[in-house]
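A.B. asks: Sequence:
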Amino acid sequence: MTQLPDGRVAAQVVPADVFDRLLFPGVSAEVWMQPGVEIGDLPETQAVAYRHPDGGGVCLVLGGGNVTSIAPLDVLYKLFVTNRVVILKTHPALGYLAPILEQGLRPLLRDGFLRIVPGGAREGAYLANHPGVDEVHITGSYRTYESIAFGHGPAGEERRLRDEPILDKPFSAELGNLTPVIVTPGRWSEPQIAYHADNIATMLTNNAGFNCTTARLLITPAGWRQRHRLLEAIRGRLREIHPRAAYYPGAAERFDQFVAAHPEAELYGDRQGDRLPWGLISDLDPRRTDDPCFTTEAFCGLFGEVPLPSEGAADFVDRAVAFANESVWGTLNATLIVHPDSLRDAATAEAVERAIVNLHYGTVSVNHWSTLGYALGTTPWGAYPGHTRSQIGSGTDVVHNTLMFSRSEKTVIRAPFRAWPKPVWFGTHATSHRLAHRLVRFEAHPTLLKVAGMLPLAVLG
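In terms of the numbering used here, the numbers along the sequence shown are unbroken and rise by one, the last being 549.
These aren't lab readings, by the way, just hints derived from the structure by calculation. Values in this document were obtained by computation on a predicted structure and should not be read as measured data. Heads up, some of the hints might be wrong.
[As the list claims (entries may be wrong)] Cross-link-like lysine to any residue pairs, in silico, SDA-like; alpha carbons within 25 Å at most: (1) K510 with S520; (2) K257 with Y283; (3) K257 with R495.
[Claimed, not checked] Between beta-carbon pairs, the in silico distance windows are: (4) G124 with A410: 17 to 27 Å; (5) P195 with A243: 13 to 23 Å; (6) G143 with P397: 55 to 65 Å; (7) A213 with P131: 47 to 57 Å; (8) P195 with G143: 22 to 32 Å; (9) G474 with G207: 25 to 35 Å; (10) D406 with I281: 40 to 50 Å; (11) R231 with D358: 25 to 35 Å; (12) A410 with T232: 42 to 52 Å; (13) P397 with L491: 39 to 49 Å; (14) E252 with A137: 44 to 54 Å.
Backbone N, C-alpha and C define an ideal beta-carbon position, used for all residues, glycine too.
Assemble the whole structure, with the sequences as input and the hints as a guide.
C.D. replies: Printed below as a string of structure tokens:
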């Protein structure tokens, strides 16, 4: 544990052991606590469901439909961190996973701590309103949350504005984000530009763009000499990565709405059957604060780029943070890319540290894609604190959080500017399909020998 310059407490949770150091070389993750938590008091803010039992209850988990790990992780959090028994309603898009989840979670099912049920919106609404359900957790869109909590249509909107829910139960939620990627100016080599073109293209194309962590807006310095070179390298990567099935409901309609709003959108790949091309909308005007690229999560394989005028790197970082906080929807996660040579300038280094403090996001990651805050598991995952049930934004409360912090504000991840070996999640990784199998076997039974066995595949990526 450390005390930050402003007096707040930070707890380093990664690396926790030698395996973290080997699998995530040069990566650290800290959990920053909310103001008012003292170092000596931090243990009292952990595992509060066990320190101060409240009698338990039944939690309905409405599983996400885009990532297979969301539902089981949410279930485990509610079971073991908040001390609830759980009904999991699977999302129709991932209903086929129910038998696999039942197999993996069999002891919890057998002893009555968990039930898994299929269904759509009607079944979800029935369960949410059932008197036997004490609280609800949802991963989805804020529109879904609002329809459950306040009802549909104009009447539901009026109830939301009056803060008069039709479902008056404790409700936690993770509701997406318009994820910004702030690119700090510097002097980058061609290999470094190629690496971050890979990095940024992956942030869009992973899972066909159906992640709440998907890069939605690149915030770049308008006067940076290498801005156009980086954008061209990203375009090259998008040309190389084949379009994937747009499996999530409504994707084609959302894609078409963005392209209609921006006919200049650049499309990479063919639109065939259920496959959508990748989309890039560059040179957005930061003064058009009502642009859908700033206000609406596309939730498909499309993102925007907005250049901000500035007077040097430090000024750009300050302006980018203000723009992200004030003009971009969501508070879930943000990524900041900065060259180590840029940090040799004291003003830039101070601006980057200010950015980490001032970005109102639940996860802030330097150089690595901020989805790592989701993937690590030990770190809390959720929106920046402060949302309310009638102004839900990206949601309330957190999940994952294996150290059971109850007063976290944000996770801060720091990574090398250029990681080696290439991260396994990169879209151009040549051996990820083989390496992933070994990673699963390693996670089941971690050994140093298994790490050594993965190294050749990691290097060949």
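A.B. asks: Next step is simple, just say for each hint if it's right about the structure.
C.D. replies: Hint check:
In summary, the hint linking K510 to S520 is supported, as the alpha carbons are separated by about 10 Å, within the 25 Å threshold. Under the criterion of a C-alpha separation no larger than 25 Å, the hint pairing K257 with Y283 is inconsistent with the structure, at around 47 Å. As the CA atoms of K257 and R495 are separated by approximately 21 Å, the hinted pair is consistent with the 25 Å bound. Judged by the Cβ atoms, the range 17 to 27 Å given for G124 and A410 holds: they are separated by roughly 26 Å.
Remark: the range hint 13 to 23 Å for P195 to A243 is contradicted by a beta-carbon distance near 44 Å. Between G143 and P397 the beta carbon distance is about 56 Å. The supplied range of 55 to 65 Å therefore holds. Checking the proposed 47 to 57 Å range against A213 and P131 shows it is violated: the Cβ atoms sit about 40 Å from each other. Distance hint check for P195 and G143: the Cβ-Cβ separation is about 23 Å, which falls inside the suggested range of 22 to 32 Å.
For the pair G474 and G207, the beta carbons lie near 32 Å from each other, so the given range of 25 to 35 Å is met. For D406 and I281, the hinted distance range of 40 to 50 Å is not satisfied, since their beta carbons lie about 24 Å from each other. For the pair R231 and D358, the beta carbons lie near 31 Å from each other, so the given range of 25 to 35 Å is met. At roughly 30 Å, the beta-carbon separation of A410 and T232 lies outside the given 42 to 52 Å, and the hint is violated.
For P397 and L491, the Cβ-Cβ distance of about 42 Å falls inside the hinted range of 39 to 49 Å, so the restraint holds. Against the hinted window of 44 to 54 Å, the Cβ-Cβ separation of E252 and A137 comes to about 29 Å, which falls outside the hint.
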